[in-house]
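Trainee: Residue numbers (the working numbering), protein chains in the order written: chain A, 172 to 344; chain H, 74 to 215.
Non-contacting residues of chain H with respect to chain A, defined by C-beta distances greater than 10 angstroms in every case (computed):
#1 Pro81
#2 Asp94
#3 Arg97
#4 Glu121
#5 Thr188
Chain A side only, calculated, beta carbon under 7 angstroms to chain H, not exhaustive:
#6 Ala212
#7 Tyr219
#8 Glu221
#9 Gln223
#10 Asn226
#11 Ala227
#12 Ala233
#13 Gly238
#14 Leu244
#15 Ala245
#16 Val266
#17 Arg267
Everything labelled a hint here was simulated from the structure, so no lab data went into it.
Each residue gets a CB set at the ideal place from its N, CA and C atoms; glycine is no exception.
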Amino acid sequence: MLVLTRRAGESIVIGDDVRVVVLDVRGETVRLGIDAPRTVAVHRAEVYAEVQAANAAALAPAAGDLGPLAGSLARMARPPRPSRDAAGRTGRRMVRMSEGDQRLEQVQERIDDAHEAAEQATPDLLPQTASPADPRESAEEQGAFEPSGDDTNAGGNPSEGEDTHTPGSADSR
Amino acid sequence: MTAVEELPELTFVRPLPGFGDLRRFVLVDLAPEGAGDEPVLFELRSLEDPAVRFLVAAPAAFFPEYGFELDETDCAALGLGDEADALVLVLLTLGREAGPTTANLLAPVVVNARTRAAAQIILAGTDWPVQADVVASAPSAL
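Isolated chain H (complex conformation) (with noise of 0.2 angstroms):
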C-alpha cells in the first residue's frame, strides 16, 4: 500500500458531520496492484485521528443513474469553477449482520480535484438515499 504522506491531501472546508475539526484526510486507492480500471473504491483517511476511516466509492460504478446539481454556495465554498474539476465520492456503510453494504448518496463528497479542497454536501430538495442498497443496485449478473 502506498504510504500515506506520498498520498495527495484532502482538505475538507467544512468538516464531516459528527465528525467535529477534522478536515485533513487521504485518498487511499484501494483498487488490488496493477490493476488497470478506473479506480472505484478508496479509503477515506483522517491524518488528525486514525481511527476515522471510512470505505468510500466513485458512485457511478453502482449507481449509474445518481447525479445532482451543486448550487452556487456550494461551488463557491469548494472553488469549483469547472464541473470536469468534480470529483464525486459516496460514504459507504458495511452491512452489519450480514445487511447489505450501503452508500449515503444524500450527502456525498465533493472533492475539487484540482485544488483538493473537499466537502460533503448534503443536497436539499432530492430524494437520494442516505442508505442506498449498493448490492440490489448492482447488475446481478457480469
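Here chain A stands alone, though its shape is the one from the complex (with noise of 0.2 angstroms):
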C-alpha cells in the first residue's frame, strides 16, 4: 500500500481524474472531499461491503424455477392501488429527482402547471383517471394556455391540488 503524508488543504490524484482533498483533520477523524467523475461510484468501505455481502446473499438457487415462490411471495403483496397513471404505474413517485438540478424541475413544474390549468379549463371533460388522448381534450388543453379563449376560467391561477399528475400522465398525452 501506497502510504502519503498530507496535512489539511492538500490532496492527492488518483488517476486522471480522481482527486481526494484532506479537508479537516480532528483528534482521530478525517473529512475528506472527492471528486470523481460519474462514473465512479464512491462508497464508505464498510457500507459497501454490506452492499456486497447482501447481494452474495441474494444469488437465487442455480436451479429450480422461481415462479412458485414468486408466487406465495405476490400473495403477500398489497393489492395494486386503485388509482394509476395512464401509463399503468401507481400514482405515486417513488423516486425524486436531487434538488440539484433545478432546470428539469423546472421543466417538470411547467409541464404539472399547463396540467393544472388544463384540468381548470375543462373540468368536465377530463375525465378522473388519465384516458386515451382525445381530440377534443387536447384542444381544450390548447386553449387553456389562453386566458382569453373562452368563458371557463381557463386563464385563472392554476391552484395546488393534490399532485395527481405524474409525468407519466404527461407522457401519454
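Two chains, two frames, some hints: make the complex.
Mentor: What follows is the structure, given as C-alpha cells:
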C-alpha cells in the first residue's frame, strides 16, 4: 500500500480524474472531499461491503423455477392501488430527483402547471383517471394557455391541488 | 416462460457490488400466465453468467412507504431526465432455515425504463435497511 502524508487542505490525485482532498483533521477523525467522475461510485467501505455481502446472499439458487416462490410472495403483496396514471404505474412517485437539478424541476413544474390549468379549464371533459388521448381534450388543453380563449376560468391561476399529475401522464398525451 | 432472447436487455452502467464485471441482465416477469396485475416479482438474470440470478420485486407492493431521492450523479449515470422513467426494483434474499424473506432497501436497482440503463444505487445518508423483512411489512390479512 502506498502511504502518503498530507495536511489539511492538501490533496492527492488518483489516475487522471479522481482527486481526494483532506478537508479537516480533528483528533481521530479525518474529513475527506472526493472529486470523481460520475461513473466512479464512491462509498464508505463498510457500506459497500454490506451491500456486497447482501448481494451475494441474494443470489437465487442456480437450479429450480422461481415461479412458485414468486407466486407465494405475490400473495403477500398489497393489491395494486386503484388510482394509476395513464402509463399504468401506480400514482405515487417513488423516486424524486435531487433538488440540485433546477432545470429539470422547472420543466416539470411547467408540465404540472399546464396540466393543472388544463384541468381547470375543462372540469367536465377531463376524466378523473387519465384516458387515451381525445381530440377534444387536446384542443381544450391548448386553449388553456390563452386566458381569453373562452369563458371558463382558463386564465385563472392554477391552484395547488393534489399531486395527481405524474410525469407519466404527461408523456401519454 | 418467455425466451430470454426476446426480453429487453438491461445494461448495468456499474456492475453490482460483488459481481465483478457482469453488466448484461434480463428481467423476467414471474407473474403466472394471464395474470392481469401489474408485475411485482421478477427474475434478474445475468446474460454473461447463468449462475447469477436474483429474485427482485417492485417495492411498492411490499413497502408502500418506500421512496428515496436520486442525486444528480446517479441520474446522470443512468441518463435519467424524468423520474417517471425510473423503474425501481429491490433484491430479495430468500429466508434461510425458515427465516423471513428480506428485501434490500438500502441498495435498490434503478432502471431507466427508456434506455434500459441500470445501476444498483447505494442510498447514502438514509436509514433504509439492507434486510427489510418482507413478511412483516405485508398486511396480515387481505
